[in-house]
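Trainee: So the protein sequences, as listed, match chains A and B. Under this note's numbering, the first residue of the first sequence carries the number 1, and numbering increases by one thereafter. Under this note's numbering, the first residue of the second sequence carries the number 340, and numbering increases by one thereafter.
Any given hint could be a false lead.
To be verified - BS3-like, lysine-lysine: derived pairs with alpha carbons at most 27 angstroms apart: (1) A/K52 / B/K639; (2) B/K456 / A/K335; (3) A/K52 / A/K198; (4) B/K456 / A/K52.
Said to hold, decoys possible - Counterexamples of contact, computed for chain B against chain A with all Cβ distances above 10 angstroms: (5) F413; (6) P686; (7) F723.
None of these hints come from the bench; they were simulated from the model. Built from N, CA and C at the ideal position, the CB exists for glycine as well.
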Amino acid sequence: MVGGAMVEILLFFLGASLILYIVLGGADYGAGILELLPAGRLRDEQRSVINKAMGPVWEANHMWLILMVVILFMGFPPVFLTLMVHLHIPMVALLVGIVLRGSAFTFRHYDAIQSEPSQTWYSRIFGFSSLWTAIWIGVIAGGLERGLIDPQQRTFWGLYIAPWFGVFPLAVAAFTVAIFVFLAAVFLIGESSNQDLKRRFATLGLIANVAVVVMGGVVFLVADQQGLPLLATFIASPGSLTAMVLATALFFLVWRYAHSSRAIVVRLCAAAQIGLILVGWIIASSGEIIRTAQGPINFYASAAPEATLWQLTLALCVGSLLIFPSLIFLFRTFKGHLG
Amino acid sequence: MEDLLAARLTMAFSLGFHIVFASVGMIMPFFMSTAHYLYLRRGDREYLELTKLWMKGVAILFAVGAVSGTVLSFELGLLWPGFMKYAGPIIGMPFSWEGTAFFLEAIALGLFLYGWKGMHRWVHWGSGLMVGITGFASGVFVVAANGWMNSPAGFDWVNGEAINIDPVAAMFNDAWLHQMLHMQVAAAQAVGFCAAGIHAFLLLKNRSSSLHRRALKIALTFGAVASIMQLFVGHFVAQRVAELQPIKLAAMEGHFETQRYAPLYIGGIPNTELGVMEWGIAIPGGLSFLAFDSFEAEVKGLNDFPRDEWPPVVIVHIAFQVMVAIGGLLALISLAYFYLARRPALPRRFLQLLVLTAPLGFIAIESGWIVTEVGRQPWIIYGFLKTKDALTPMPGMQYHFYLFLVLYLFLSLMTIWLFKRQIEVAEMRIDREHGRGRDG
C-alpha cells in the first residue's frame with residue numbers, strides 16, 4: 001500500500017513536469033515558430049524581444065523534460081522502454097530538433113559578430129527546429145494515445161512505424177503547434193514595450209487560441225473516426241469534464257484581456273487553459289496514458305521496486321525544495337516587471 | 340555496419356562529444372567566478388571584461404552540453420533498452436540527483452547570464468559560483484552511475500533478474516569514488532590547460548595584454564594544481580582497477596601472463612595472437628609495484644580469462660598509454676609553471692608550449708573514457724550483462740549513428756567558429772582600448 005501511495009506521488013510529479021514542460025517549454029518552442037511568420041519591419045525588434053524573454057529561462061524550462069525522462073526510467077522502466085523501443089524514430093526526430101533549437105538560439109545570441117547572413121541563418125534554424133520539435137512532441141503524444149504500440153508485431157513497419165504514423169498523431173501534432181504558438185504569443189505580449197509588437201502578439205495569440213479550439217475539435221473528430229473513444233473518456237470522467245469546461249471558460253477571459261495592459265492576467269489565463277487541457281487528459285486516462293495493442297500500460301503494475309521508489313520520491317521532494325525557490329527567484333528576477 | 344557496432348559507436352560518439360562540453364560546464368564557471376570575485380573586490384574593470392569573456396564561452400558551451408546531455412538520457416533507452424530494464428531501478432538514483440543538480444545549474448546560469456542589472460552584485464556573483472558547484476555535482480552523480488557499470492552493487496542476480504535492489508549501495512559502488520575523483524580532476528586539467536593555451540596564443544600576439552596574462556594565470560593555476568593532484572589520483576585509480584577489474588588492467592597494460600614481478604611496458608603494441616607485447620620498453624616489476632605496491636605481487640594476465648571476455652586489447656592499451664603520457668607531460672609543465680610563475684613574465688617558449696598543449700587535456704579525457712568503456716567490453720554491466728544482450732531490437736542503427744555523427748560534427752565546427760569570432764572581437768576591443776596595433 002505504501003508502494004501505491006508512492007506511485008501516486010511520482011505520477012503527480014510526472015504530470016506536473018509534463019504540464020510545466022508543455023506550458024513553459026512549449027512557449028519557448030512557440031516563440032521560434034512565431035519567428036517563421038512574416039513580421040515585416042518588426043522582425044528585428046521581435047527577435048530581440050524573444051532573445052530577452054527566453055534567454056534567462058529556456059534552459060530551466062527544458063529541464064522538465066529531463067525530469068520526466070528520469071522519473072520514467074528510474075520509476076517505471078517498462079513504460080520508458082516501450083516508448084524508447086517503439087517510438088524510436090519520433091524520439092530521434094525530437095532529439096535532433098531539441099539539439100538544433102537550443103544551439104541555434106544560443107549561437108544567435110552569443111555570436112560576437114551580430115551581422116547578416118549568420119543571424120538570419122540562426123533564426124531560420126531556430127524557427128524550423130522549433131516547429132519540427134513541436135510536431136514530434138505532438139506525434140509522440142498521439143502515438144501514446146492511439147494504442148497501436150504492439151510488441152507482438154513481426155514487421156519493421158508494425159513494430160516501429162505504425163505506432164506513430166497516421167492521421168491521428170498528425171492531428172495531435174497540429175494541435176500541439178497551435179498550443180505552443182498560442183502560449184508564446186500571449187506570453188510575449190508583456191515582454192515587449194513596442195505597441196505595434198504588442199498588438200501583433202495579441203492578435204496572433206487570439207488567432208492561435210481559435211486554432212487551439214479548432215484543432216482540439218479536430219483531434220476529437222479524428223479520434224472518433226478512427227474508433228478511439230477519446231471524447232467518451234473525457235466526458236465519462238467528472239474531473240476531466242470539469243477541466244475542459246474550465247478551459248473553455250478561460251477562453252473568454254483571454255479574449256477580454258488580450259489587448260489590455262495587464263499582461264499577467266492573460267498570461268496566467270493562457271497557462272491555466274493549456275494546463276487544464278492536460279489535466280483533463282491525464283485524469284481521463286486514469287494512470288494509463290500509454291496504450292498498446294495489448295491494452296494500456298498500467299503505471300502501478302510497471303513501478304520499480306519499493307526501495308527505488310523511495311529514493312526517487314526522496315530525490316524529487318528534496319529536489320523540489322531546492323528547485324522551486326530557485327525557480328521562483330529566477331522568474332521574479334526576470335519576469336517581475338509583469339506583476 | 341552491424342547494429343551492435345553502430346549503437347556502440349553512436350554511444351561512444353555521443354559521450355565523447357558531450358564530455359567536452361560537460362567538462363567546460365563543470366570547470367569554467369569557477370574561473371569565471373574567480374575573475375568576477377577579483378573584479379568585485381578590487382574594482383579593476385579588466386577582471387570584469389575577463390568575466391564576461393569567459394561567461395560567453397560558458398553560455399555557448401553549456402547550451403550545447405545541455406542539449407547533447409538530453410540526447411544521452413534518451414539514448415540510454417533508445418540504444419540499450421536491455422540495459423535500462425535493469426539499470427533504471429538500480430542506478431537511477433544518481434541520475435535523479437544529477438537531474439536536480441542540472442536543473443539548479445540551468446537556473447543559476449540564467450540568473451548569472453542575464454542578472455548583471457537588477458540583482459544584488461554578490462547574489463549575482465553567487466549565482467555564477469552556483470553554476471560551477473551544481474555542474475560539478477552533476478558530474479559526480481553521473482560518474483557514480485558509470486562506476487556502477489564497472490563495479491555493480493546493490494542487487495542480487497537471481498535467474499537473470501535483479502532482486503533485492505538497494506539504490507544507495509548501487510550509487511556508492513566500489514568504483515564511484517576513484518572514477519569520480521579521476522574525472523573531476525581531469526576536467527580541471529583539460530579546461531585549465533585549454534583556456535591557458537588560448538590565452539597564451541593571444542598573449543603571444545600581444546605581449547602587453549594584462550587581460551590575457553591574468554586569464555592565463557587563473558586558468559593555469561587550476562590546471563596545474565589539478566595536474567599535480569592527478570598523479571596521486573591516477574595511481575589510486577590504477578590500484579582500484581587492479582583489484583576490481585583485473586582483466587581491464589591487464590588490457591590497459593598489455594599484460595598476458597599471470598606473474599609475479601610483472602613488468603610495466605612503456606609504449607608497445609600488444610599482439611593478441613601470440614600473447615606478447617611488441618616494441619614496448621619493459622620495466623621489470625613495475626606493474627606489480629604500481630598495482631599492488633610490491634614488486635613481488637602477482638598480477639593477473641589476460642591468459643587467465645576466457646578469450647570471449649577480453650576487451651579489445653590493442654585499443655585499450657593505446658588509449659591508456661596516450662592518457663598516461665599526457666598526464667605525465669601536463670604534470671611536468673605544471674611544475675615548470677610553478678617555477679616560472681615567480682618571474683615577472685612567462686618566457687616566450689613556455690607560452691608557445693602552452694599553445695601546443697591546449698587540446699591535450701581533452702585528448703586525455705577521451706582516451707581515459709575509451710579505457711573505461713572499451714575496457715569494460717564485452718560487458719555493459721560488468722560480469723552480469725553483455726553489451727550485445729542490451730541492444731535495442733530495432734534494426735538500422737547505422738542511420739542513427741550517421742545522423743548524430745553529422746549533427747555533432749556540424750555543431751563542433753560551429754562552436755569552434757563561434758569561439759574564433761568571440762576571440763577576434765575581444766582582441767579588437769583590447770587593441771582599441773590600449774590604442775595600439777596587434778603586434779604591441
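Trainee: Now look at each hint and say whether the structure bears it out.
Mentor: For each hint, the structure was consulted:
no.	hint	verdict
1	A/K52 / B/K639	violated (60 angstroms)
2	B/K456 / A/K335	holds (13 angstroms)
3	A/K52 / A/K198	holds (15 angstroms)
4	B/K456 / A/K52	holds (13 angstroms)
5	F413	violated (6 angstroms)
6	P686	holds (31 angstroms)
7	F723	holds (16 angstroms)
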